[in-house]
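From first to last, the protein sequence lines are chains W and G. Note that the first sequence ends on residue 612 in my numbering; no numbers are left out. Note that the second sequence ends on residue 130 in my numbering; no numbers are left out.
Treat each hint with caution, since some may be false.
[To be verified] Some but not every residue of chain W turned toward chain G, in silico, with C-beta under 7 Å: (1) VAL65; (2) PHE202; (3) PHE301; (4) ALA302; (5) VAL304.
Note that these hints are calculated values from the structure, not bench results. For clarity, every value in this text was computed on a predicted model and none was experimentally measured. We put the beta carbon where it would ideally sit given N, CA and C, even for glycine.
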Amino acid sequence: MGRIARIDLTKREVKVQELTEELVKLYIGGRGWGAKLLWDEVPRGVDPLSPQNKVVVATGPLTGVYFPSTGKTTLCSKSPLTGSYGDSNVGGRFGVELKQAGFDALIIEGVSDKPVYILVDDGRVSIEKADHLWSMGSIEVEEELKKELKDRYASCLTIGPAGENLVHFACVTSDYGRQAGRTGIGAVLGSKRVKAIVARGFRDIPIFNVDALLQVAQKAFRYCFNSEAQKMWIKQGTMQLILWSNENSALPTRNMSEAVYEGAHKISGDVMESEVKVGNHGCFCCAMPCGQITKVRRGRFAGVFVEGPEYETAAMIGSNCALNGIDEVVKLNRLCDELGLDTISTGSVVAFAIECRRKGLLKGVEADYGDVDGVIKLIEDIAYKRGVGKLLAQGTKKVAEQLGGEALKIAMQVKGLEISAYESRAAPAMALAYGTCDIGAHHNRAWAITYDIKVGRSLYTPDKAKWVVYLQHVRSLFDMLTCCRLPWVELSLPLELYEELYRAVTGMDYKLEDLLKAAERVYNLTRCLWLREYPHMDRSWDYPPPRWFEEPLPSGPFKGVKLDKQEYTKLLLEYYRVRGWDELGRPTRKKLEELELGFVVSELKRLGVDLK
Amino acid sequence: MHTEKCAACGVCELTCALRHFKVNNPKKSMIRVEVHFSSEVLANIPKVCGVCPDPPCVKACPTGALRFNGRWIEVNEDKCTLCKMCAEACPNGSIFFHPEVKRPLICDLCLGDPECVKMCPMGALEYRGH
Numbered sequence: 001m002g003r004i005a006r007i008d009l010t011k012r013e014v015k016v017q018e019l020t021e022e023l024v025k026l027y028i029g030g031r032g033w034g035a036k037l038l039w040d041e042v043p044r045g046v047d048p049l050s051p052q053n054k055v056v057v058a059t060g061p062l063t064g065v066y067f068p069s070t071g072k073t074t075l076c077s078k079s080p081l082t083g084s085y086g087d088s089n090v091g092g093r094f095g096v097e098l099k100q101a102g103f104d105a106l107i108i109e110g111v112s113d114k115p116v117y118i119l120v121d122d123g124r125v126s127i128e129k130a131d132h133l134w135s136m137g138s139i140e141v142e143e144e145l146k147k148e149l150k151d152r153y154a155s156c157l158t159i160g161p162a163g164e165n166l167v168h169f170a171c172v173t174s175d176y177g178r179q180a181g182r183t184g185i186g187a188v189l190g191s192k193r194v195k196a197i198v199a200r201g202f203r204d205i206p207i208f209n210v211d212a213l214l215q216v217a218q219k220a221f222r223y224c225f226n227s228e229a230q231k232m233w234i235k236q237g238t239m240q241l242i243l244w245s246n247e248n249s250a251l252p253t254r255n256m257s258e259a260v261y262e263g264a265h266k267i268s269g270d271v272m273e274s275e276v277k278v279g280n281h282g283c284f285c286c287a288m289p290c291g292q293i294t295k296v297r298r299g300r301f302a303g304v305f306v307e308g309p310e311y312e313t314a315a316m317i318g319s320n321c322a323l324n325g326i327d328e329v330v331k332l333n334r335l336c337d338e339l340g341l342d343t344i345s346t347g348s349v350v351a352f353a354i355e356c357r358r359k360g361l362l363k364g365v366e367a368d369y370g371d372v373d374g375v376i377k378l379i380e381d382i383a384y385k386r387g388v389g390k391l392l393a394q395g396t397k398k399v400a401e402q403l404g405g406e407a408l409k410i411a412m413q414v415k416g417l418e419i420s421a422y423e424s425r426a427a428p429a430m431a432l433a434y435g436t437c438d439i440g441a442h443h444n445r446a447w448a449i450t451y452d453i454k455v456g457r458s459l460y461t462p463d464k465a466k467w468v469v470y471l472q473h474v475r476s477l478f479d480m481l482t483c484c485r486l487p488w489v490e491l492s493l494p495l496e497l498y499e500e501l502y503r504a505v506t507g508m509d510y511k512l513e514d515l516l517k518a519a520e521r522v523y524n525l526t527r528c529l530w531l532r533e534y535p536h537m538d539r540s541w542d543y544p545p546p547r548w549f550e551e552p553l554p555s556g557p558f559k560g561v562k563l564d565k566q567e568y569t570k571l572l573l574e575y576y577r578v579r580g581w582d583e584l585g586r587p588t589r590k591k592l593e594e595l596e597l598g599f600v601v602s603e604l605k606r607l608g609v610d611l612k
Numbered sequence: 001m002h003t004e005k006c007a008a009c010g011v012c013e014l015t016c017a018l019r020h021f022k023v024n025n026p027k028k029s030m031i032r033v034e035v036h037f038s039s040e041v042l043a044n045i046p047k048v049c050g051v052c053p054d055p056p057c058v059k060a061c062p063t064g065a066l067r068f069n070g071r072w073i074e075v076n077e078d079k080c081t082l083c084k085m086c087a088e089a090c091p092n093g094s095i096f097f098h099p100e101v102k103r104p105l106i107c108d109l110c111l112g113d114p115e116c117v118k119m120c121p122m123g124a125l126e127y128r129g130h
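Only chain W is shown next, with the shape it has when bound in the complex (with noise of 0.2 Å):
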């Protein structure tokens, strides 16, 4: 059994527990944990800023073992931006280190007075002075970090200044160019003063039938080899989705507005390619390394490298703010990336402050659609909560209810979270898995909208309901057992595998079908997280933002198409259904029980939540 490190930073106090035998067999790890410690331990109302709220570091069962794409760590809290749970993952290779070094996950709690790092070093932990560290960015500081310790393989999490500002969006960066962007871990870990956790280990991963993995593993590195995608995926990792996306009419362009782009071919993955792109760069064990490594090569922005862009941040800064090149988007890519701010959220609010200034309702900004200069200004006045950054530093739904009237019409989140690249007006599956996404509005749980395309943009239809819950429950399996979906999602590594990595490692007889059974349950869980934390959250709460039922689609190939909210409700009351929660979607006491979750029902009973 792994052991988790606890460390109190109000105390200075590290604690080192053993994992429970419930949080291995029924939340099997990454968000799994995460989920069950934050409902045991950060009580309802707590501010997610304040020292009561809790950074849970997880990784999982199959981080950093010899398998296609295995490495990946999850980042657990209450989020900032949406006030209840939130979750992040992040490739490269911190989860790695943090295993070789002797724990399988960090509980982060109370706040220190001072600046400080977290060194997890070979099977000891302790709180690091960071005073000459604050304000650096998240790359600078990474690099300042190793140089110290004179140990280019020590692994970092760091944030950025927007961290340290507490923007509610910003986010958490590993390995120099990979974050776990969303719903805001970044400013939770700044309020605690933490500017960065470095973990290095020396101990063997521990496997518990290591001729089995072999067997295992050799088949699944073979598949991804031959495959045709991986060749494409090295190449243009998702960047290859721009195009795609844009002749499927779903690239968010001009905060939503609409759903294709005229510069798309100028921000798109071949453009990438042959302009920008000097190299890969691959998370842990990975068989199809999609990271780009990219630089400008000519014209004012010359010099400028980063990893990235990825799909997300190419759509949600590149058409969504009506950018005008690649070189843009690598410039932008690598100020939100060293400020330490997430790309989706960030290019989001940018659109909405640039939407809200254009129809008179936002004073104080100045930028626009395609003013590079401007955008750059508006996030670093974000960054640093300057003028009107201090108020967008909270993200589009609180800005939107300040502003109130038809702000709140186009601030596209959902449940406080902006809503990722896949513009949905014509997708009503995705649109409903934006609606009940565990975090609020992101494709990780569900990337339903090929299956929108493969049976038909404008249906609504009950088996749309039943893929999303069955992409719910597989993707953030995912998200459990840490490693990446890619493999997976891309190249359909069937996941049989898993079942049989799974056994290999851990000597657990589980099939497939338990270990969709534990993804079932901690997504059940999270429901009732949100409950908790919102007694009177109803199905009101699962809807996509008004723009995407009242405006229809003003061009493409599904021009005069919006979302049909009669049609919606009904999907929505499918999908309830097919979950086993009551028509306000409220998981029923039946449900929990099966799924080992009564404990809940009392708790949530207190609140006057009455489940049925």
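Chain G: place on chain W using the hints.
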């Protein structure tokens, strides 16, 4: 070695450690990838014994624990005192140590048929033989 292709995924590292020690531990590998992310050096650099013509590590070893067999460097663990003089002499920084392994980690080409080359997803490693 095609450094420009390396993605620093570390598949080579785990492959090596499993082949030689049968453990899941990239730090017991005889090949390692250094990641550099700066305006001076923006590259992933695989480090592995390139077999110098007149290997300075062999000459530097004060106890005669290293021997060049014409194809790779052989290590005699009984003679090794872990003084690390070999690593200091290595011009490429391609000799590694691990706290649990009582000898330097120097690539032995898997005795002539290197596994890492077969497993590199990027085609960054190539073995031309001798």
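Do the hints match the structure? See the list:
1. Look at VAL65 (chain W): its Cβ gets to within about 6 Å of chain G, closer than 7 Å, so that hint holds up.
2. Residue-level restraint check for PHE202 (chain W) holds (minimum Cβ-Cβ distance to chain G is 5 Å; threshold 7 Å).
3. Interface restraint check for PHE301 (chain W): the shortest CB-CB distance to chain G comes to about 13 Å, outside 7 Å, so the restraint is violated.
4. Checking ALA302 (chain W) against chain G: minimum C-beta separation of about 11 Å lies over 7 Å; hint violated.
5. Evaluation of the VAL304 (chain W) hint against chain G yields a violated restraint, the C-beta minimum of about 9 Å exceeding 7 Å.
Checked against the numbered hints given earlier, the structure breaks hints 3, 4 and 5 and satisfies all the rest.
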